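Sequence lines, in order, name chains S and E.
So in numbering that gives the first Met the number 0, the last spot in the first sequence is 208, and the numbers never skip.
So in numbering that gives the first Met the number 0, the last spot in the second sequence is 170, and the numbers never skip.
Hints were generated in silico from the structure; no laboratory data involved.
Be a bit skeptical, because a hint or two may be false.
25 angstroms max Cα-Cα, derived DSS-like pairs, lysine-lysine [to be verified]:
#1 E:K57 <-> E:K131
#2 S:K197 <-> E:K102
#3 S:K115 <-> E:K163
#4 S:K197 <-> E:K157
#5 S:K6 <-> E:K102
#6 E:K163 <-> S:K163
#7 S:K89 <-> E:K160
#8 E:K163 <-> E:K57
#9 E:K57 <-> E:K22
#10 S:K89 <-> S:K196
#11 E:K163 <-> E:K102
#12 E:K157 <-> E:K131
#13 S:K115 <-> S:K6
#14 E:K57 <-> E:K102
#15 E:K157 <-> E:K57
#16 E:K157 <-> E:K22
#17 E:K102 <-> E:K157
#18 S:K6 <-> S:K89
#19 E:K131 <-> E:K155
#20 S:K115 <-> S:K196
#21 S:K115 <-> E:K160
#22 E:K160 <-> E:K102
#23 E:K160 <-> E:K131
#24 E:K160 <-> E:K57
#25 E:K57 <-> S:K163
#26 S:K89 <-> S:K115
#27 S:K6 <-> E:K131
#28 E:K131 <-> E:K102
#29 E:K22 <-> S:K6
#30 E:K22 <-> E:K131
From chain E, some residues computed to sit far from chain S (all C-beta separations above 12 angstroms) [to be verified]:
#31 F9
#32 F29
#33 T30
Bear in mind the structure is a predicted one, so any value in this text is a computation, not a measurement.
A virtual CB, placed ideally from N, CA and C, is assigned to each residue, including glycine.
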Amino acid sequence: MELDNLKGIWQDVRPGMSSGRESLLPLLQQRSRGPVARMRRNLRIELLCIIVAYIPLILFYLVEFQGRLRAISLLLLVVGALFCAYYYRKSRLLNTMQCLSCQVRSNLARQVGTLKRYTRFYLLASTIVIPAMAILTYIIFHLQLFYPGEGTVYHRLSPAPWWKSSTVWLLMLVPFTVVMYYFNAWYINRLYGRHIKKLQELLREMDEE
Amino acid sequence: MVSTDQQEAFIRLVDQHRGILHKVCRLYCFTDTDRQDLFQEIVIQLWRSYPRFRGDAKFSTWLYRIALNTAISDLRKQRPPTTPTSPDQLPTELQDIQYSGEKEQQLQLLYTAIDRLTEVEKALTMLYLEDKTYQEMEEILGITQNNLRVKMNRIKDKLRKMTKEATYGIG
């Protein structure tokens, strides 16, 4: 088979069905189902879940129990603010992830680079979120120990000296964080690993002579 | 906000070039459902990018870039079918075209062979068959012309070998 001899036949190929105005028009109203659009949608759902779960909780701890557990509201507020930063960063990365009207090679290079940054950030954020929450919880409750009065929930739960409980918390956090890191790395690789590898292969193929 | 005139102009342009879109979908997908999904996705992406189209490049170059970028990036649709493509299976886009027996056979062979190429090779083969110059191919793909020539020669050899295998049952 000689490719040059087939140019004529190939160029004669016309689509059997006309796309036509009527069939194209509804497509213009549809949402993209591409990988980046799906990632963006998932991120928005994540944000919505946080808003729906956090706001009632923050208000609940703020007004209930005669305000004694306001510290939890504060904790949730800090975590919520951290999540907003996380959302903003991820959203910015997604916005720059592809340039479909660019040359195919440059678009692939952009996708590989941005997707790698995206997964690195995802790994970092998902690994530190629980230790960060634990440390914040500890600080918030521990600070209340210095308030005079009947003592806090934390004080009643853990009457041991502060340095003892701090050490126990840290000793528990370190292995937990390590395990979380490896679990997240596995999970993120499962989500995006194959995609990144495939894109890298395509890029390599385009570059090799 | 896109005006109705722009929308009509866009639809007219896409309709004029729909052959390109159908060929991209035919090359990058193995099932009719996937082809339809990819066609829709390309049209959506073209429409979203249309307000930024300034006419610096030819419309067809811009369209090829978006179509190929969409097809290559969406890796879900590129899984080959569990059974290999039968040479008797004529793509739906071709159903209204009657070729002489020999031409039809050649076209079927070509499609079967292209199905076995990589995504990058498919893009190159398609642009070559569309009679694009190496400069146009470089504008669309971003591969240097020298590299394109090397790759094209390799693809031609590969296709020749595949056809020989299919014809004589080697491999």
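Taking the hints in turn, this is what the structure says about them:
Simply put, K57 of chain E and K131 of chain E have alpha-carbon atoms about 12 angstroms apart, close enough for the 25 angstroms limit, and the pair holds. With a C-alpha separation of about 35 angstroms, the suggested pairing of K197 of chain S with K102 of chain E is violated against the 25 angstroms cut-off. The straight-line distance between the Cα atoms of K115 of chain S and K163 of chain E is roughly 42 angstroms, outside the 25 angstroms bound, and the hint therefore fails. Of the supplied pair hints, the one linking K197 of chain S and K157 of chain E holds, its CA atoms being roughly 22 angstroms apart against a limit of 25 angstroms.
Restraint check for K6 of chain S and K102 of chain E: satisfied, since their Cα atoms lie roughly 11 angstroms apart, inside the 25 angstroms limit. For the given pair, K163 of chain E sits about 78 angstroms from K163 of chain S by alpha-carbon distance, which is inconsistent with the 25 angstroms threshold. Proposed proximity of K89 of chain S and K160 of chain E is contradicted: the alpha carbons are some 47 angstroms apart, above 25 angstroms. Taken as a hint, the K163 of chain E and K57 of chain E pair is broken in the structure, with Cα atoms around 38 angstroms apart against an allowance of 25 angstroms.
For the hint linking K57 of chain E to K22 of chain E, the alpha-carbon distance of about 19 angstroms falls within 25 angstroms, and the restraint holds. Distance check on the hinted pair: K89 of chain S and K196 of chain S sit about 21 angstroms apart at the alpha-carbon level, within 25 angstroms; holds. In summary, the hint linking K163 of chain E to K102 of chain E is supported, as the alpha carbons are separated by about 17 angstroms, within the 25 angstroms threshold. For a cut-off of 25 angstroms, the pair hint linking K157 of chain E to K131 of chain E stands: about 20 angstroms separates their Cα positions.
Distance restraint check for K115 of chain S and K6 of chain S: the Cα-Cα separation of roughly 40 angstroms exceeds the 25 angstroms cut-off, and the hinted pair is therefore not satisfied. Restraint check: the Cα-Cα separation between K57 of chain E and K102 of chain E comes to about 31 angstroms, which exceeds 25 angstroms; the hinted pair is violated. Among the hinted pairs, K157 of chain E with K57 of chain E is inconsistent with the structure: their alpha-carbon atoms are about 31 angstroms apart, more than 25 angstroms. For a cut-off of 25 angstroms, the pair hint linking K157 of chain E to K22 of chain E stands: about 21 angstroms separates their Cα positions.
Between K102 of chain E and K157 of chain E the alpha-carbon distance is near 21 angstroms, which keeps this suggested pair within the 25 angstroms criterion. A threshold of 25 angstroms between alpha carbons decides the hint, and for K6 of chain S with K89 of chain S the separation of about 45 angstroms lies outside it, so the pair is violated. Proximity of K131 of chain E to K155 of chain E is assessed by CA-CA distance (about 16 angstroms); at most 25 angstroms being required, the pair is judged to hold. Taken as a hint, the K115 of chain S and K196 of chain S pair is honoured in the structure, with Cα atoms around 10 angstroms apart against an allowance of 25 angstroms.
Pair hint K115 of chain S plus K160 of chain E does not hold up; C-alpha atoms about 38 angstroms apart against a cutoff of 25 angstroms. Our distance criterion of 25 angstroms between C-alpha atoms is met by K160 of chain E and K102 of chain E, whose separation comes to about 19 angstroms. Of the pairs offered as hints, the one joining K160 of chain E and K131 of chain E holds, with about 24 angstroms between alpha carbons and a cut-off of 25 angstroms not exceeded. Proximity of K160 of chain E to K57 of chain E is assessed by CA-CA distance (about 35 angstroms); at most 25 angstroms being required, the pair is judged violated.
Taking the CA atoms of K57 of chain E and K163 of chain S, the gap is about 72 angstroms. The hint is violated against a cut of 25 angstroms. With a CA separation close to 12 angstroms, the supplied pair K89 of chain S and K115 of chain S stays within the 25 angstroms bound. At most 25 angstroms may separate the alpha-carbon atoms for a hinted pair to count; K6 of chain S and K131 of chain E meet this at roughly 11 angstroms. Distance hint between K131 of chain E and K102 of chain E is fulfilled; the C-alpha atoms sit about 22 angstroms from each other, no more than 25 angstroms.
For the hint pairing K22 of chain E with K6 of chain S, the CA-to-CA distance comes to about 13 angstroms; that is within 25 angstroms, so the pair holds. Note on K22 of chain E and K131 of chain E: the hinted pairing holds, with a Cα-Cα distance of about 15 angstroms set against a maximum of 25 angstroms. Its beta-carbon lying about 8 angstroms from the closest one in chain S, F9 of chain E breaks the requirement of being farther than 12 angstroms from that chain. Against the 12 angstroms criterion, F29 of chain E stays outside the reach of chain S, whose nearest CB is about 16 angstroms from its own CB.
Annotated as non-interface, T30 of chain E keeps its C-beta farther than 12 angstroms from every C-beta of chain S; the closest such distance is 16 angstroms.
In summary, the numbered hints that this structure violates are 2, 3, 6, 7, 8, 13, 14, 15, 18, 21, 24, 25 and 31.
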